[in-house]
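Participant: Listed below, chain by chain, are the residues.
Protein chains: 4
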Amino acid sequence: MLVIMRDRATQAEIDHVVANLKEAGAEAHLSVGEEKTIIGVIGDRGIIYNLDLEGLPGVEQVIRVLKPYKLVSRDFQPEDTVVAVRGSEVGGGALAAIAGPCSIESEEQMVAAARAVARAGATMLRGGAFKPRTSPYAFQGLGLDGLKLLRAAGDETGLPVVTELLDVRDAEQVAGHADVLQVGARNCQNFMMLEELGRMDVPVLLKRGPSTTIEELLSAAEYILKGGNRAVILCERGIRTFETYTRNTLDLSAVAALKSLTHLPVIVDPSHATGRRDLVSRMCRAGLAAGADGIMVEVHPDPEHARCDGPQSLTTNEFELLMASLDPVVGIEGKSWGSL
Amino acid sequence: MLVIMRDRATQAEIDHVVANLKEAGAEAHLSVGEEKTIIGVIGDRGIIYNLDLEGLPGVEQVIRVLKPYKLVSRDFQPEDTVVAVRGSEVGGGALAAIAGPCSIESEEQMVAAARAVARAGATMLRGGAFKPRTSPYAFQGLGLDGLKLLRAAGDETGLPVVTELLDVRDAEQVAGHADVLQVGARNCQNFMMLEELGRMDVPVLLKRGPSTTIEELLSAAEYILKGGNRAVILCERGIRTFETYTRNTLDLSAVAALKSLTHLPVIVDPSHATGRRDLVSRMCRAGLAAGADGIMVEVHPDPEHARCDGPQSLTTNEFELLMASLDPVVGIEGKSWGSL
Amino acid sequence: MLVIMRDRATQAEIDHVVANLKEAGAEAHLSVGEEKTIIGVIGDRGIIYNLDLEGLPGVEQVIRVLKPYKLVSRDFQPEDTVVAVRGSEVGGGALAAIAGPCSIESEEQMVAAARAVARAGATMLRGGAFKPRTSPYAFQGLGLDGLKLLRAAGDETGLPVVTELLDVRDAEQVAGHADVLQVGARNCQNFMMLEELGRMDVPVLLKRGPSTTIEELLSAAEYILKGGNRAVILCERGIRTFETYTRNTLDLSAVAALKSLTHLPVIVDPSHATGRRDLVSRMCRAGLAAGADGIMVEVHPDPEHARCDGPQSLTTNEFELLMASLDPVVGIEGKSWGSL
Amino acid sequence: MLVIMRDRATQAEIDHVVANLKEAGAEAHLSVGEEKTIIGVIGDRGIIYNLDLEGLPGVEQVIRVLKPYKLVSRDFQPEDTVVAVRGSEVGGGALAAIAGPCSIESEEQMVAAARAVARAGATMLRGGAFKPRTSPYAFQGLGLDGLKLLRAAGDETGLPVVTELLDVRDAEQVAGHADVLQVGARNCQNFMMLEELGRMDVPVLLKRGPSTTIEELLSAAEYILKGGNRAVILCERGIRTFETYTRNTLDLSAVAALKSLTHLPVIVDPSHATGRRDLVSRMCRAGLAAGADGIMVEVHPDPEHARCDGPQSLTTNEFELLMASLDPVVGIEGKSWGSL
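Chains as they are written, first to last, in this note's numbering: chain A, 461 to 800; chain B, 461 to 800; chain C, 461 to 800; chain D, 461 to 800.
Don't take each hint at face value.
You can't tell identical chains apart in this list, so a pair holds if it fits in one copy or across any two.
[To be verified] Taking lysine-lysine pairs in the DSSO-like style, the calculated list, with each CA pair at most 30 Å apart, reads:
1. 608 x 527
2. 795 x 530
3. 795 x 686
4. 496 x 686
5. 530 x 482
6. 795 x 482
7. 795 x 608
8. 527 x 686
9. 530 x 686
10. 608 x 530
11. 795 x 496
12. 686 x 482
13. 527 x 496
14. 496 x 482
15. 496 x 608
Hint data in this document are derived by calculation from the structure and do not stem from the laboratory.
Can you make the complete structure from the sequences, with help from the hints?
Facilitator: As structure tokens, then:
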């Protein structure tokens with residue numbers, strides 16, 4: 461941590477900061493320049509994280525050199541984490557293709573979707589049983605009944621299933637039916653949910669929140685790893701910006717950056733990011749070219765009658781074409797699909 | 461709802477949209493212009509909310525005229541909602557001054573803060589027992605012990621107490637010790653928590669999330685009112701933008717806008733919005749001048765040793781000066797402090 | 461400038477950075493911690509500004525302690541700059557009320573607007589002759605003819621006139637007719653225009669661009685002061701964020717922050733920021749309460765027939781009410797209207 | 461254009477809007493629903509563009525169906541525009557690889573860069589003679605001398621040259637030395653410069669501004685086409701968002717979207733977007749995979765001593781590796797490099 465003092469900071473102000481640091485158990489190293497004095501702070505991680513010096517008299521700026529996360533960083537673990545789920549893998553060169561409907565609507569719909577995506581090469585099946593919706597008047601999902609339909613469709617096709625955990629109180633129940641628990645974008649910094657998942661033994665798919673920075677996303681993942689659960693997959697699904705033509709702005713530079721900052725696998729979700737079916741395929745290709753370890757795509761046997769997110773869902777036929785079109789980008793960094 | 465067709469949409473595409481609408485139980489009214497056809501959609505609220513027509517062939521844009529909320533709107537209830545809490549009021553001309561430390565640290569700190577803010581004219585006491593922190597390594601609050609200290613300080617000073625509910629599983633317990641439950645910015649769209657609070661009989665202080673639009677904030681409040689709980693106070697606490705000099709950007713236009721869109725009281729939290737002690741007082745005055753029904757301010761008897769958010773906390777002395785400085789703006793719209 | 465090295469930076473990488481600094485003429489001070497080495501860089505302003513060390517091997521982050529501006533800062537000049545224009549003043553306790561139509565449309569309109577705003581207490585008259593419009597098909601202003609109408613209206617009412625300079629090639633001509641030249645938001649970082657204005661002897665009203673940071677705005681003003689022209693008024697007019705209910709987001713925290721960072725006067729333009737007539741008055745009051753040195757408001761004798769920005773223009777009657785409503789906030793920081 | 465009236469709009473308010481429309485020369489079509497009345501507006505493009513109805517009593521929202529641009533849209537011209545420059549092409553299946561230093565520093569540097577990028581397969585050479593810099597104290601470029609060095613290096617290698625036009629007054633002079641004139645991000649909505657370029661006969665590379673929407677970028681291009689110059693290349697170079705790890709956020713969804721909205725070629729500039737050398741190659745691959753018609757990359761023979769943007773510049777060796785790595789993505793949509 462570095463404390464930059466104002467140009468005209470007095471000696472008393474500098475002494476006061478130094479005394480404050482010593483009291484907290486940290487060491488202070490002064491560097492006195494012509495215009496500015498800079499105080500380097502050295503000490504235990506636990507002490508440094510809790511120092512708030514910005515408000516002291518004479519302080520201009522405080523620079524935190526220590527990252528708020530540790531276990532998720534590549535500095536801590538240089539080799540890739542591989543998350544293995546029922547014969548499917550993601551990370552360490554294995555790519556995931558997670559596909560399925562936004563919401564589970566019926567046995568017929570779920571089975572049709574599952575068969576189609578399995579045939580086209582998907583490595584995991586997705587489906588939402590509990591739907592977070594902006595308006596309380598919109599369709600909220602089938603709940604537990606939906607979960608059972610998803611499980612059955614997964615069993616039939618042999619695909620591991622991914623579903624969102626919306627209520628922390630349901631964690632055990634949902635984990636009883638699903639192979640991967642998804643933390644939705646709006647819960648990215650729901651620390652109680654993250655801590656609960658940290659205590660469980662189930663792979664977690666953690667979506668970046670719409671205004672979560674890269675550093676905050678990694679800190680959120682740190683909550684899970686700190687609890688003991690190391691099977692975390694990160695997912696870039698678009699950030700909120702001023703541009704409204706697309707629903708969100710898919711931040712592929714963040715994917716490239718995350719690949720060097722962390723050992724965790726990183727996938728992209730162009731369906732939610734763009735909200736527009738006609739952009740999904742191009743953004744899947746772009747995502748893999750940017751270094752992502754997989755894609756997550758909404759596929760519906762009949763998008764026009766989908767009860768949720770129809771406009772961004774691919775038909776099963778479109779998904780088949782998409783998977784075929786990914787061939788040139790799959791191998792760019794020497795990766796391959798992670799299904800066994 | 462309006463469906464704008466593309467310039468070259470075919471008759472078959474138009475017919476297809478119309479058939480789709482009829483199937484869903486809605487009515488279609490065509491308006492055929494020289495360049496474009498526009499389809500007006502009329503029907504039941506429940507049907508309209510679940511229509512997703514953006515992906516149909518030939519559709520350029522879908523405009524939702526119907527708001528995703530209803531009970532919170534001024535169209536539904538023109539007169540102001542007044543939230544009354546143990547002899548303190550907010551809304552309908554009554555202003556709230558909610559003050560206290562970011563986190564509860566000790567009995568001594570809590571009592572000193574409570575006495576000072578009560579003396580200076582605060583109408584409610586705040587304090588955090590469960591702290592949501594970006595990093596799992598930062599101080600996480602005293603928990604239940606903190607709640608008891610807050611309750612005692614409130615009882616001694618006669619101030620109602622406000623505290624954040626961080627874990628939906630603790631709702632009943634926290635409500636047993638606090639008078640107002642705060643939903644933090646990161647939980648603004650935690651729909652499970654909102655639904656739980658909708659079923660309870662306790663005033664709720666709902667903070668706008670860092671990237672929540674005005675419409676989404678109102679929809680979040682709608683979840684609570686729809687459950688039966690009408691005692692909701694909205695709080696603008698800064699949105700996330702590209703500007704980093706301040707921690708967030710306090711969106712006072714949103715306050716002015718909310719006052720005409722909803723009957724619920726709206727307060728501002730300049731401490732979290734700016735993250736800088738030297739900007740807090742000016743932004744409190746600006747907030748009330750913009751039409752807010754109150755302010756929420758972090759006050760600490762010894763900010764330099766605060767375990768959380770010290771840099772943005774006022775000293776008890778600064779808070780006293782702030783309250784005195786608010787006189788000119790309090791009466792602008794004919795309001796007055798809501799303490800009895 | 462501080463160079464933070466990566467955790468595992470080698471000695472060779474550190475030596476390489478130091479050698480690089482020496483070659484450029486700067487001094488390096490090493491601070492070797494347990495986990496990280498930090499290099500403090502000391503040297504001449506001209507050298508420091510041009511160092512780009514981010515890409516060197518082993519470098520994690522470069523922190524620029526030196527601000528990119530100097531003449532505009534309060535550190536350089538603690539006392540307020542007062543910009544005086546034909547018997548009107550802004551800054552140093554003098555408040556400006558700049559009012560008039562978005563675009564000059566006719567002699568009748570301009571004279572009616574000028575008389576009304578003068579009567580209501582405006583200290584300067586505004587009007588656009590050259591209109592920057594998103595679409596090339598929208599009304600682009602009356603040009604030179606408009607300028608002459610503005611000048612005449614100003615002369616008749618005794619108000620100094622403010623107008624936008626849109627084309628750097630017109631600088632001398634526009635300065636021949638106007639008392640204050642406005643640099644529009646889209647030209648905030650048009651450095652050629654800023655340099656030209658720096659060489660002229662005319663007060664400049666510099667609007668913050670929609671995505672210009674506080675630091676960039678101050679650096680833009682620095683271009684003008686560096687050229688020798690010290691009569692600069694800054695104007696906050698809303699930044700672009702994800703919120704679309706208002707046209708832009710009026711950043712009043714930036715106003716409060718600018719007042720401590722710079723000695724230049726700072727005004728607010730709620731008309732352009734909100735784009736909504738019903739929010740203008742509240743945001744004018746909020747702006748002054750936040751510490752602004754004035755307001756800039758669009759007023760039109762007949763907004764319904766305005767050729768530009770009618771929806772955000774006040775009627776002359778509304779402006780009169782607004783001015784009267786400002787009384788409580790004018791004196792908060794001991795200021796008064798700057799008309800002589 | 462559609463005018464949505466408020467729920468409780470009176471008949472008088474509706475009549476007033478209709479009268480207003482008729483007076484302006486437009487037709488009004490009423491659609492009276494149970495809760496709302498919607499007024500469809502039909503009329504001449506010139507009339508519609510200048511209607512500002514938002515402020516009329518009873519009006520809730522105005523929806524503009526007509527785009528602010530026309531000539532640049534695919535509806536107007538379905539086939540791709542191909543911009544041909546001295547034996548190099550971009551658009552219509554031809555990909556551009558524009559490479560060279562951020563700023564021209566010396567003959568030696570320029571020639572070394574030019575030879576290296578030509579050898580590696582670049583189709584055009586870039587170099588900045590006039591540098592727009594946030595701070596007036598940073599290196600501002602060599603000016604006319606730089607232009608001559610660029611021209612010479614282009615002539616020697618046979619590559620067409622691209623350079624930024626910073627001052628509209630220099631348009632003719634710069635066009636005398638360069639093959640393509642670049643409009644920088646900060647000038648994206650400098651309408652005077654766009655109009656000037658519209659009157660000239662020189663290809664233009666128009667960069668998207670940091671907070672320019674897709675619609676505004678297309679409207680800016682429309683200014684040039686409207687003037688008669690149809691040789692415009694669009695360039696996505698990152699938008700400004702809350703994320704600060706990368707300098708800007710490269711918006712590749714916008715690239716995919718632009719390809720369907722316009723017939724103009726669209727390229728990407730990952731160097732400026734990310735500001736980080738280690739992300740450039742991945743984002744070039746992602747950009748082409750997203751459908752871009754080319755890349756623009758900063759290459760410097762000795763980035764550590766570059767006077768501008770060294771941290772994001774590739775070495776000549778890295779550029780060679782990048783070009784080789786693009787093979788898998790070049791052909792995805794059946795495109796090929798546009799050098800003859």
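Participant: Each hint should be assessed against the structure and marked as holding or not.
Facilitator: Results of checking the hints against the structure:
Taking CA atoms no more than 30 Å apart as the test, residue 608 paired with residue 527 passes in neither setting, with 41 Å inside one copy and 34 Å between copies. Only within a single protomer do residue 795 and residue 530 lie at most 30 Å apart by alpha-carbon distance; the minimum there is 27 Å, versus 44 Å between protomers. In this assembly of identical chains, residue 795 and residue 686 lie within 30 Å of each other by CA distance solely inside one copy; the values are 29 Å within and 48 Å between copies. For the identical chains of this complex, residue 496 and residue 686 are inter-copy neighbours only, at 23 Å across copies versus 39 Å inside a copy, given an alpha-carbon limit of 30 Å.
Proximity of residue 530 and residue 482 under a CA criterion of 30 Å is satisfied intra-copy only: 25 Å inside one chain copy versus 34 Å between copies. Taking the shortest Cα distances, residue 795 and residue 482 never come within 30 Å of each other, neither inside one copy (51 Å) nor across copies (44 Å). In this assembly of identical chains, residue 795 and residue 608 lie within 30 Å of each other by CA distance neither inside one copy nor across copies; the values are 33 Å within and 46 Å between. Taking the shortest alpha-carbon separations for residue 527 and residue 686, only the intra-copy value of 15 Å comes in at or below 30 Å, while the best inter-copy value is 39 Å.
Taking CA atoms no more than 30 Å apart as the test, residue 530 paired with residue 686 passes inside one copy only; the shortest distance there is 9 Å, against 42 Å between copies. For the homomeric pair residue 608 and residue 530, neither the shortest alpha-carbon distance inside one copy (37 Å) nor that between copies (34 Å) is at most 30 Å. In this assembly of identical chains, the alpha carbons of residue 795 and residue 496 never lie at most 30 Å apart, being 50 Å within a copy and 34 Å across copies at closest. With identical chains, the CA atoms of residue 686 and residue 482 are at most 30 Å apart within one copy only, with a shortest distance of 29 Å there and 43 Å across copies.
Both within a single protomer and between protomers do residue 527 and residue 496 lie at most 30 Å apart by alpha-carbon distance, with minima of 25 Å and 12 Å respectively. For the identical chains of this complex, residue 496 and residue 482 are neighbours both inside a copy (21 Å) and across copies (20 Å), given an alpha-carbon limit of 30 Å. Taking the closest pair of Cα atoms, residue 496 and residue 608 never come within 30 Å of each other, the shortest separation being 64 Å inside a single copy and 42 Å across copies.
Checked against the numbered hints given earlier, this structure breaks hints 1, 6, 7, 10, 11, 15; the rest are met.
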